[in-house]
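Here the sequence shown stands for residues 1 to 270, numbered as in full-length UniProt numbering.
Calculated from the structure, these hints are not laboratory results. Computed from a predicted structure; not experimentally measured. Keep in mind that a hint or two might mislead.
[As the list claims (entries may be wrong)] In silico SDA-like cross-links for lysine to any residue, where the CA-CA straight-line distance does not exceed 20 angstroms:
no., residue 1, residue 2
1, K131, E108
2, K77, L97
3, K79, P43
4, K113, Q219
5, K205, R180
6, K232, N249
7, K259, A2
8, K58, S21
9, K58, N145
10, K113, K132
11, K205, K131
12, K195, E211
13, K147, H76
14, K187, P198
[What the hints assert, rightly or not] Derived Cβ-Cβ restraints for the label pairs, each shown as a range:
no., residue 1, residue 2, range
15, T98, N156, 39 to 47 angstroms
16, F192, W125, 12 to 20 angstroms
17, K259, A90, 33 to 41 angstroms
18, S204, Q18, 40 to 48 angstroms
19, Q200, I73, 21 to 29 angstroms
Built from N, CA and C at the ideal position, the CB exists for glycine as well.
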Amino acid sequence: MATYIVGDIQGCYDELRQLLSLANFDQSADELWVAGDLVARGPKSLQTLRYLKELGAKVILGNHDLHLLATSIGIHKPKVKDQISPILDAEDSHVLLTWLRQQPLLLEHPEHKFIMVHAGILPSWSIQQAKKLAQEVEQELHGDNYKALLKNMYGNHPTQWEETLSGIERTRYIINVFTRMRYCTLKGELEFENKLAPEQTDSSKLKPWFEITPRDHQQPILFGHWAALLGKTNQPDLYALDTGCVWGNSLTMIRWQDKKLFSLSCPAYG
């Protein structure tokens with residue numbers, strides 16, 4: 001059995017199926033892990049959700065997935081560019097959205113021990129702390145009061161982690177780290193405006209989250225979210241899998257056993 005991990009699909013269903021075919025993915029034997037942002041911007045988010053649910057794929061939530069859940073309960077109106085209306089109008093919408101809401105923010109592979117998140121892990125957090133904090137939010141999201149969480153998760157503050165954070169400020173910060181983070185200031189504050197590649201950014205002011213402090217490499221981390229990286233982190237055991245399929249670049253997947261990369265060129269949808 002092989003383990004495949006793919007970056008942000010964003011509703012690019014046809015490209016996903018083509019990439020799996022390219023890799024000779026065996027649906028009956030192999031496992032697929034998805035690093036968040038299953039939906040939005042691509043043309044077939046509904047088909048993507050149905051396929052991943054039926055497949056039993058291991059998925060985590062990205063910012064677009066959380067936004068879909070918030071939109072589904074009326075917190076926001078659907079945006080045309082997100083192309084999620086077919087999900088909201090589908091006969092199996094409730095089943096799909098309930099399944100999506102039950103997915104985690106962080107996954108650890110039981111055998112290979114890699115960690116998969118959508119955006120990243122705060123430099124000051126240990127892996128154990130990150131797992132615990134992810135579970136805090138997951139319990140809220142999976143519980144009866146999930147609508148309050150979805151309503152109040154939007155916003156850029158607080159920008160600095162304090163263990164004493166509580167309530168929605170604590171929840172929002174944890175969500176922002178796992179689903180939105182790219183850069184941090186040199187003081188470790190989250191910064192959300194800059195989406196450019198590191199070589200286009202003033203490193204005296206901002207650094208990628210994974211360059212703020214040295215990482216211990218006891219566990220590999222796989223993440224998506226940051227298309228401008230184009231898969232480059234220049235760090236061992238740190239795998240950036242969002243290579244901008246929806247923006248006309250490519251969809252990228254790694255086979256964990258031999259670290260072989262599979263890539264498929266994509267048309268621009270975003």
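Here is what the structure says about each hint:
no. : hint                              : in the structure
1   : K131 <-> E108                     : 9 angstroms, holds
2   : K77 <-> L97                       : 16 angstroms, holds
3   : K79 <-> P43                       : 13 angstroms, holds
4   : K113 <-> Q219                     : 6 angstroms, holds
5   : K205 <-> R180                     : 19 angstroms, holds
6   : K232 <-> N249                     : 14 angstroms, holds
7   : K259 <-> A2                       : 11 angstroms, holds
8   : K58 <-> S21                       : 18 angstroms, holds
9   : K58 <-> N145                      : 24 angstroms, violated
10  : K113 <-> K132                     : 16 angstroms, holds
11  : K205 <-> K131                     : 29 angstroms, violated
12  : K195 <-> E211                     : 16 angstroms, holds
13  : K147 <-> H76                      : 12 angstroms, holds
14  : K187 <-> P198                     : 17 angstroms, holds
15  : T98 <-> N156: 39 to 47 angstroms  : 29 angstroms, violated
16  : F192 <-> W125: 12 to 20 angstroms : 18 angstroms, holds
17  : K259 <-> A90: 33 to 41 angstroms  : 37 angstroms, holds
18  : S204 <-> Q18: 40 to 48 angstroms  : 42 angstroms, holds
19  : Q200 <-> I73: 21 to 29 angstroms  : 37 angstroms, violated
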